[in-house]
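*Asks:* If you're matching them up, the sequences are chains A and B in order.
Under numbering that gives the first Met the number 0, the first residue of the first sequence is numbered 0, with each subsequent residue one higher.
Under numbering that gives the first Met the number 0, the first residue of the second sequence is numbered 0, with each subsequent residue one higher.
Derived by calculation from the structure, the hints in this document are not laboratory data.
The reader is advised that the hints may include incorrect statements.
[What the hints assert, rightly or not] What the simulated footprint calls covered on chain B by chain A, stretch by stretch (three residues with Cβ under 8 Å from a Cβ of chain A suffice, anywhere in the stretch; the number is not a length):
{"hint": "1", "segment": "167-174"}
{"hint": "2", "segment": "262-276"}
{"hint": "3", "segment": "304-311"}
[Stated by the list, open to error] Here are some of the chain B residues that sit facing chain A, going by a computed Cβ distance under 10 Å:
{"hint": "4", "residue": "W67"}
{"hint": "5", "residue": "D75"}
{"hint": "6", "residue": "N145"}
{"hint": "7", "residue": "G323"}
{"hint": "8", "residue": "L420"}
{"hint": "9", "residue": "P421"}
{"hint": "10", "residue": "K425"}
[To be verified] Some chain B residues well away from chain A (every beta-carbon gap over 12 Å; in silico):
{"hint": "11", "residue": "A3"}
{"hint": "12", "residue": "A16"}
{"hint": "13", "residue": "R59"}
{"hint": "14", "residue": "G72"}
{"hint": "15", "residue": "V73"}
{"hint": "16", "residue": "A83"}
{"hint": "17", "residue": "T88"}
{"hint": "18", "residue": "S90"}
{"hint": "19", "residue": "P102"}
{"hint": "20", "residue": "E120"}
{"hint": "21", "residue": "R155"}
{"hint": "22", "residue": "R156"}
{"hint": "23", "residue": "K317"}
{"hint": "24", "residue": "G355"}
{"hint": "25", "residue": "S428"}
{"hint": "26", "residue": "T436"}
Yeah, the Cβ is synthetic: ideal placement off N, Cα and C, and Gly gets one too.
One-letter residues, chain by chain:
There are 2 protein chains.
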Amino acid sequence: MSTALLTDRYELTMLQAALADGTAQRRCVFEVFTRRLPAGRRYGVVAGTGRLLEAIADFRFADAELDWLRSAGVVDDATLTFLADYRFTGSISGYAEGELFFPGSPVLVVDGTFAEAVVLETLALSILNYDSAVASAASRMTWAANGRPCLEMGSRRAHEDAAVAAARAAVVAGFAGTSNLEAGRRYGLDTIGTAAHAFTLLHDDEESAFASQVASAGPGTTLLVDTYDVTRGVELAVAAAGTGLGAVRLDSGDLPTLAREVREQLDALGATGTRIVVSSDLDEHAIAALAVAPVDSYGVGTSVVTGSGAPTCGMVYKLVLREGADGELAAVAKVSAGAKSSVGGRKVAGRRLEGGIATEEVVLTSPDADVPVVDPVAASGDVLRPLHVPLVRDGEVGEAWTGSEGVQRARERHSASLAELPRAAKRLSAGEPALPTEVVVV
Amino acid sequence: MSTALLTDRYELTMLQAALADGTAQRRCVFEVFTRRLPAGRRYGVVAGTGRLLEAIADFRFADAELDWLRSAGVVDDATLTFLADYRFTGSISGYAEGELFFPGSPVLVVDGTFAEAVVLETLALSILNYDSAVASAASRMTWAANGRPCLEMGSRRAHEDAAVAAARAAVVAGFAGTSNLEAGRRYGLDTIGTAAHAFTLLHDDEESAFASQVASAGPGTTLLVDTYDVTRGVELAVAAAGTGLGAVRLDSGDLPTLAREVREQLDALGATGTRIVVSSDLDEHAIAALAVAPVDSYGVGTSVVTGSGAPTCGMVYKLVLREGADGELAAVAKVSAGAKSSVGGRKVAGRRLEGGIATEEVVLTSPDADVPVVDPVAASGDVLRPLHVPLVRDGEVGEAWTGSEGVQRARERHSASLAELPRAAKRLSAGEPALPTEVVVV
C-alpha cells in the first residue's frame with residue numbers, strides 16, 4: 000500500500016511551482032516541534048517514529064496514484080514525472096521513539112532537497128501527532144497505575160486503523176498489552192480479552208455462560224461478573240472455575256467499593272489468587288483513585304486512544320534552513336504573528352542531568368550551515384545527554400527503529416527517560432512543563 | 000486488505016466458546032446506539048455507514064490472518080475452520096448515513112447468528128464512532144458558517160488513515176472540500192490547497208515566491224500573505240497576480256480585524272473580486288465570531304478531525320434479542336448498573352414532524368420476535384418519518400450507500416434532516432438534545 004496520497008494537496012502544488020522555478024533542488028532542513036504542551040501537562044512522549052520510517056519507505060507514486068493525480072488535474076506532467084521516480088534520499092535524525100519532549104524540542108530533523116522533504120510533511124505530522132498524543136496520555140496512566148498492568152482496550156473508540164497505532168503507542172508508553180489483534184500481529188504485542196456482556200446474554204443463564212467459557216478457555220480465564228448481580232456473579236464464577244479462577248472483570252458501578260467487596264468475597268470463597276480487572280471509562284485520574292483499592296489490572300479504552308483530553312499534538316513541520324540563490328545555507332522562519340513565530344536554524348538537543356535527574360532541555364542552534372554538537376560532559380560535571388539519533392541516512396532507514404524491535408526499543412527508552420524526571424514532574428495535577436527549554440544560539 | 004483483524008481479541012474467544020457449546024448458531028440482533036451526546040451538544044450525525052459496509056465486504060480471514068491467529072494461540076482449530084469460511088450472511092438496517100441521532104436512537108441493527116454478528120462489533124464501532132464524531136462537529140461548523148464554504152485541512156492532526164475518513168465525514172456534514180488527496184481519490188471529493196509558509200521561505204523573497212506560484216497555478220490561485228508583514232504581503236500578491244487574484248489566505252493573527260483591513264486594502268487596490276480565506280485553529284465558535292467579518296471561506300483543521308472536543312462517540316453494540324434454548328426469540332439486556340443498563344428488544348425508529356418541523360424521536364420496540372412498524376401518518380396528522388433503511392440484505396450490501404455515490408447521498412440526507420430541526424436546535428451554546436426520545440413498547 001502506497002502512503003503517497005496521505006498528503007495535503009498543497010505539498011504537491013508547491014512542488015510543481017518549485018520544480019518550474021528551479022528552487023525544488025535547493026537543500027532544505029525541516030524540523031518537527033511543538034510550541035506548547037496540552038494545558039497542564041508536564042511532558043509529552045514521542046511516538047510513531049518507527050511507523051513513520053515504515054511509511055516513508057512506502058511513500059512511492061505508482062501508476063494508480065499518478066493516474067489519479069493526472070485525471071484530477073492536481074499537478075502538471077513535469078511534476079508527475081518527478082513523482083514517478085520519487086524516493087527520499089536525504090537524512091533524518093530525531094528524538095528516539097519513546098523519548099520525552101517539551102515545548103521547542105526538535106523531535107525530528109529532515110534534511111534533503113525541498114522537493115524530497117516538503118512532500119513528507121503531512122504524513123510525518125499525521126503519524127507523530129496521533130501516536131504521540133496517545134503515548135503522552137498512556138504514560139500518565141502507567142505511572143498512575145504504579146506497577147499494576149494497564150491493558151489497552153480502546154479500539155472501538157478510534158478509527159479502525161488509528162486503533163492499531165494507538166495500541167502500539169500505548170505499549171511504547173508502558174501498557175502491558177492490547178485487545179487489538181492487528182496490533183498484536185503487526186508489532187508482536189501481547190493481546191488480551193476474554194468475553195463481553197453479550198456472551199452472558201447469549202446464554203440462557205449466567206451459569207451456562209461461565210461453564211462454556213471455562214470449558215473453552217480453562218479456569219485461568221477472566222470472567223465478566225457484572226451482567227446481572229455482581230455478588231451472585233462472583234459466586235457463580237468461582238463455582239464454575241474453582242478457586243483457581245484467573246480473574247474477574249468489573250465493567251460498571253462504583254469500582255473502588257465494588258473491588259473491595261469482590262476481593263473479600265473471593266477471599267472468603269478461597270479464591271485468594273483470583274485477580275480483579277477493572278474497566279469502565281478509566282483515565283489516569285480514575286486509575287490514581289483506585290490506588291488503594293484491591294485491583295490487579297486496569298483495562299483502559301476511550302481515554303487512552305483519544306489522548307485523555309488531548310487527541311492530537313500540536314507538532315508542526317517547519318522550514319528552518321535553506322539554500323539561497325547564492326548557494327549558501329541560511330536560517331529562515333515565519334516572522335509575522337507572535338504566537339506562530341519560530342526560531343530558524345538547524346537544531347540539536349541535549350537533556351541536562353544533575354546527579355542523574357533531568358533539570359533542563361537544552362536546544363542548540365546555529366544561524367548557518369554548521370550543525371551544533373552536544374558536548375556530553377559540561378565543565379560543571381553535569382551531563383548533557385544527546386537526544387538526537389540517526390533515523391535515515393542518505394535514504395536508508397535504520398532498521399533498529401521499525402517493526403516489533405522498534406516498539407521494544409522505544410518502550411525501554413520511554414522507561415529510562417521517565418526515570419530521569421524529577422519526582423514533581425510525575426504529578427497528575429495541572430502544571431508547567433517539567434523541564435524548561437533553553438535555546439542557545441552557537 | 001482484509002479488515003478481519005481490526006478486532007478485539009474477545010470477539011474471537013467468545014466465538015470459540017459459543018461454537019463449542021452450540022450457541023454460536025443462535026439468531027441474534029445487536030444494536031448500535033449511544034446513551035448520551037457529548038456534554039451540551041444538541042444532536043449527533045451518523046457517519047461512516049458507507050465505509051462500514053465496504054469494510055464488512057473485506058472482513059474475510061485469509062491465510063495470513065489465520066496463520067497468525069494459529070501461531071499466537073488466539074483460538075482453536077475449530078474456530079479457525081469457521082473463520083476461514085466466514086462471511087456475513089445476515090441483514091443490517093440502520094439510520095441512513097448523514098441522518099441525525101439522539102440518545103437511544105438505534106442507528107444500526109445487525110441481525111444474524113451470534114457467530115456472524117458478534118465478530119463485527121469492534122469494526123462497526125471503530126468506524127461509526129470516529130466518523131460520527133467528526134461529522135457531528137463538522138455539522139455545527141457548516142451552519143455556523145451560514146453558507147460560506149468550510150474546507151477540511153486537518154489531515155496532519157489525525158492518524159494518517161483516520162484523516163481520509165475525517166475528510167469524508169466532514170463532506171457528509173456539509174464541508175465543500177478537503178486538502179486530503181487520498182480522500183479525493185477514494186470518494187471523489189473536491190481537493191483544495193495551494194501553498195504553505197515553507198514555499199515563501201524557500202524563496203529569496205516574497206516577490207519571487209508569489210511570482211513562481213502565479214506562473215505555476217495562474218492568477219486565480221490563493222496566495223498566503225502572512226509569512227512576513229500582511230499589508231506588504233497583500234500588496235505584493237496583487238502586484239504578482241493582478242486584480243484577478245483568486246484569493247489571499249490568512250493563517251495567523253487577529254482574524255476579524257485582519258480580514259477587515261485586508262478587504263479594504265484589496266478593494267483599494269482594485270482586487271474587488273479577490274476572496275479572503277482564513278485558517279488558524281478555527282472551530283465552530285471562531286467561525287461564528289467571524290460571521291460579520293468579510294471572509295469568504297474557512298479552512299478548518301484540528302477541531303474538525305478531533306470532533307471539536309468530542310473525539311469519539313459513545314456508541315455501543317449491544318445484544319438486544321436472541322434465540323434461547325427453546326428456539327424462541329427473547330429480549331435481553333444487561334441489568335446490573337443503572338448507567339449502563341439498556342432496553343432489550345429489537346427497535347425501529349421514526350422522527351415525528353409537525354408542520355415539517357421535527358418534534359420527537361420515537362423508538363418502537365417489542366419484547367419478542369415481531370418487528371414493530373413505523374406508521375408514517377399518525378391519526379393527529381403528524382408525520383412519523385421512518386428512520387431505518389435496509390443496508391445489507393442476506394449478506395448483500397446495498398450499493399447505493401458505498402463509494403462516492405454513498406457520500407453524495409449522505410450529504411443530501413444530512414442537509415434535509417438538518418432542515419427539519421427546530422431553530423433552537425441550531426445554537427452553538429450548550430443545551431439538551433434538540434429532540435426528546437420516546438421509547439414505546441408495542
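*Asks:* Against each hint, give a clear statement of whether it holds in the structure.
*Replies:* Cross-check of the supplied hints:
Only when three residues or more bring their CB closer than 8 Å to a CB of chain A does the claim for the segment 167-174 of chain B stand; here the count is 0, and the claim is violated. Beta-carbon proximity to chain A at under 8 Å applies to 0 residues in the segment 262-276 of chain B; the threshold of 3 is not reached and the given coverage is violated. Check result for the segment 304-311 of chain B against chain A: holds, 5 residues qualifying (beta carbon to beta carbon below 8 Å, three or more required). Taken as an interface hint, W67(B) checks out: its beta carbon lies about 5 Å from the nearest beta carbon of chain A, inside 10 Å.
This hint holds: D75(B) has a C-beta 8 Å from the nearest C-beta of chain A, less than the 10 Å allowed. Restraint check, N145(B) versus chain A: the minimum CB separation of about 26 Å is more than 10 Å; hint violated. At about 5 Å, the closest approach between the beta carbon of G323(B) and any beta carbon in chain A falls short of 10 Å, and the interface hint on this residue holds. Taking 10 Å as the C-beta contact cut-off toward chain A, the hint placing L420(B) at the interface is violated, the least distance being around 27 Å.
About 31 Å separates the beta-carbon of P421(B) from the nearest beta-carbon of chain A, more than 10 Å, and the hint is not met. Annotation: K425(B) was flagged as interfacial toward chain A, and the flag is violated, the nearest CB pair being 25 Å apart, outside 10 Å. With a closest Cβ-Cβ approach of about 8 Å to chain A, A3(B) is found to fall inside the 12 Å limit, against its non-interface label. Under the 12 Å C-beta cut-off, the non-interface status given to A16(B) relative to chain A is violated; the minimum distance is some 4 Å.
The Cβ of R59(B) lies farther than 12 Å from every Cβ of chain A, with a closest approach of about 14 Å, so its non-interface assignment holds. Distance check on G72(B): its Cβ comes as close as 10 Å (rounded) to a Cβ of chain A, failing to clear the 12 Å threshold; non-interface status is violated. A beta-carbon of chain A is positioned within 12 Å of the beta-carbon of V73(B); the least distance is around 7 Å. Distance check for A83(B) against chain A: the nearest CB is about 16 Å away, which clears 12 Å, and the non-interface claim stands.
For T88(B), the non-interface assignment is confirmed: its Cβ lies about 18 Å from the closest Cβ of chain A, beyond the 12 Å cut-off. Listed as outside the interface, S90(B) is consistent with that label: its C-beta sits roughly 18 Å from the nearest C-beta of chain A, beyond the 12 Å cut-off. For P102(B), the shortest C-beta to C-beta distance to chain A comes to about 16 Å, beyond the 12 Å cut-off, and the non-interface label holds. Distance check for E120(B) against chain A: the nearest CB is about 7 Å away, which does not clear 12 Å, and the non-interface claim fails.
For R155(B), the non-interface assignment is contradicted: its Cβ lies about 4 Å from the closest Cβ of chain A, within the 12 Å cut-off. The beta carbon of R156(B) is not kept farther than 12 Å from every beta carbon of chain A, the shortest such distance being approximately 4 Å. Here K317(B) does not stay apart from chain A, with its beta-carbon only about 7 Å from theirs, under the 12 Å limit. Consistency note on G355(B): stated as away from chain A, and its beta-carbon is indeed over 12 Å from all of that chain's, at 36 Å minimum.
Look at S428(B): its CB is around 21 Å from the nearest CB on chain A, clear of 12 Å, so calling it non-interface holds up. The claim that T436(B) lies off the interface holds: its Cβ sits roughly 22 Å from the closest Cβ of chain A, which is beyond the 12 Å cut-off.
Of the hints listed earlier, those the structure fails to meet are numbers 1, 2, 6, 8, 9, 10, 11, 12, 14, 15, 20, 21, 22, 23, in rising order.
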